[in-house]
Amino acid sequence: MNLLNHTLKYLAFALFGILSVWAVIFYINMLDEVYDSLDDGLDNYKMLIIEKAHADRSTLHKTEFAEGNYEIREISRESAKNMKDIHKDTLMYMPFEEDMEPVRLLTTAFKLDKKYYELKVISSMVEEDDLIEDLFFALIWLYIALLASILLVNNFLLKKVWKPFYKLVDQLKNFRLGKHQTFNAEDTNVKEFKVLNETVTSLVLHALETYNSQKQFIENASHELQTPIAISINRLELLAEKNELTEANLETIGQVIQTLERLTRLNRSLLLLSKIENGQFSDTETVSVNAVVSQLKEEFADFAEYKGVVISMEEKSGLNVVMQKDLAMMLISNLMKNAIVHNHTNGALDVEIGEDYFKISNSGAAAPLDPAKIFRRFHKESGDKNNTGLGLAIVKAIVDLYGFRIRYDFDGKHSMEVFVKNPE
Amino acid sequence: MKILIIEDEPDLLDVIRQSLEMENFLVETADTFHSALDKIISFHYDCILLDIMLPGGSGLDLLLELKNLDKSDNVIIISAKDSLDDKLAGLNLGADDYLTKPFHIAELTARVKSVLRRKSFQGKNRIVIGNLELDPEERTLSISGQPLILNRKEFDILTYMIVNKNRLVNKTSLAEHVWGDHMDQADDYEFIYSQIKNLRKKLKDNQADVEIQAVYGIGYKLVQP
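Protein sequence lines, in the order shown, are assigned to chains A and B. First residue of the first sequence: 0, per numbering that gives the first Met the number 0; consecutive thereafter. First residue of the second sequence: 0, per numbering that gives the first Met the number 0; consecutive thereafter.
Any given hint could be a false lead.
[Claimed, not checked] With a cut-off of at most 30 Å between alpha-carbon atoms, the simulated DSS-like pairs for lysine-lysine come out as follows:
1. A:Lys-296 to B:Lys-86
2. A:Lys-306 to B:Lys-86
3. A:Lys-241 to B:Lys-66
4. A:Lys-306 to B:Lys-152
5. A:Lys-274 to B:Lys-100
6. B:Lys-152 to A:Lys-241
7. A:Lys-296 to B:Lys-196
8. A:Lys-296 to B:Lys-200
9. A:Lys-306 to B:Lys-201
10. B:Lys-196 to A:Lys-241
11. B:Lys-86 to A:Lys-241
12. B:Lys-152 to A:Lys-358
13. A:Lys-324 to A:Lys-358
14. A:Lys-274 to B:Lys-86
15. B:Lys-220 to A:Lys-306
16. A:Lys-324 to B:Lys-200
17. A:Lys-296 to B:Lys-70
18. B:Lys-100 to A:Lys-214
19. B:Lys-200 to A:Lys-306
20. B:Lys-200 to A:Lys-241
Hints listed in this document are in silico derivations from the structure and should not be mistaken for laboratory results.
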């Protein structure tokens, strides 16, 4: 529910309450006024009839309402003395309506020629039912009209008023850290929106700054770590060359070197990943995927043979991509390396190159991998200590950098299919 | 053979110096732009290892100075910056080779020896060790005068091991040198063993004077018993 309708919902409830209370008060006041005016009329009428009776005694014989709206009846002196003017509502049969209808009745007494008479004057009254009904419908229409006009005002006016807000929300919705490098909120004259824009902008810029410095930090840290690690390895190698070590000591040194080399690999991958994400591979050239795959197939031949994996290559078409050459090598070599490492003995690695894609599939574990997780940093399916958990993260970063698409599939074989934008 | 190392990082300088001294080179060092400039102008070196980032100035300016002195052809640039611009600038100024930090000491030794070979033998660029004669340019090997055919990888391994004779060669360094940079994070490099095994057999069958020993857990060493 959006803000406009939300307001409308509460307004609808509030208006309902207000109008109901208002209707009751209005009705009571109205009725009061009507009675007041009716009673005044009856009093006036009374005076006229009494005057008429003074002038014309035949009036005194009008003992039934009949065609007139009064009746006169002689009464005893005592009852006349006790009588006061009484206005009251009563029902009377109306031949026209063929029903009992409410009337206002004034009962009074007067004295004429030493005789006492009781005078009843009636006046037809507003029908309360009709009045309530009319009022009710009038109120319903008023209510609907009010809601409709609020809705219109909301849609045309408020929408205009809230426009800067919705603009900002849209901008925020489309904003991605790492993808966008600036954030500019649109100008507005409304003070609250101005404050909101300024606050959001400064928040986003701060986040951007933090994000960028974080990325830069990872890159710098990996860079600074490289040389100390390399020196440690070098020093250990120099130590191992001195012929004064026992075999057990050499073995320990070997293990430390291996661990440090793992650290080197991890660090190198992290550095590469940062460099890709920091956009440091900007120069591009046309690279033949076919040539890269052939070259890597040759480079990996011994490794594949050692692992008992047969590499085959099916070139359905020549495929050229425009990208940084090292990254093209890195992309394909990481995929191929993965396909060899996570394979079994007597397994297969098939590379298929089509017009706008290349697909690397391999035999391996019998269960499919989780496509949502495999491209995450440091996600490891196996407990292999030589696996940095960054290989596919690098692949994904390269694919994203050039706007390619990568898809993982499992149909007994694991396959990675990369769809590239053709340079033509 | 006199080698000058221009490098401001004391640890790295020390490691390179120690390693080159084990090869019986005469090693001099400089750790600032100005001390390096003094040494370049005053003395002659057979090979200069040059860091680009130096306190007091850029290594590229030193290289320019060397070029003016017509001494730039024996320079190997060692730089932490994996920057193509630096590399091109360096090579344009006449540097012989470019090595990105961090590097394996064995790789550096191989590059240094390659520079020295080119300078010293000028055309006749052969390595003789025992009854082996190896031509890195022609890619030929003969044992006791008899030519021996090796495949590309066997030849690369043997050359690398011979250049680093009596030195411990880390198997990572060997794998990266022979199989290329894409082999990292592949495995424990156990796969290089089969090529080493073939090479050993060929050397033994042809009564070569050298043998490749395994150094447990670290790598290999070529020795002349």
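A quick look at each hint next to the structure:
no.	hint	in the structure
1	A:Lys-296 to B:Lys-86	holds, 28 Å
2	A:Lys-306 to B:Lys-86	violated, 37 Å
3	A:Lys-241 to B:Lys-66	violated, 39 Å
4	A:Lys-306 to B:Lys-152	holds, 18 Å
5	A:Lys-274 to B:Lys-100	holds, 16 Å
6	B:Lys-152 to A:Lys-241	holds, 29 Å
7	A:Lys-296 to B:Lys-196	holds, 22 Å
8	A:Lys-296 to B:Lys-200	holds, 26 Å
9	A:Lys-306 to B:Lys-201	holds, 24 Å
10	B:Lys-196 to A:Lys-241	holds, 25 Å
11	B:Lys-86 to A:Lys-241	violated, 35 Å
12	B:Lys-152 to A:Lys-358	holds, 29 Å
13	A:Lys-324 to A:Lys-358	holds, 19 Å
14	A:Lys-274 to B:Lys-86	holds, 18 Å
15	B:Lys-220 to A:Lys-306	holds, 25 Å
16	A:Lys-324 to B:Lys-200	violated, 38 Å
17	A:Lys-296 to B:Lys-70	violated, 41 Å
18	B:Lys-100 to A:Lys-214	holds, 22 Å
19	B:Lys-200 to A:Lys-306	holds, 22 Å
20	B:Lys-200 to A:Lys-241	holds, 28 Å
In this structure, the hints that do not hold are numbers 2, 3, 11, 16 and 17, in rising order.
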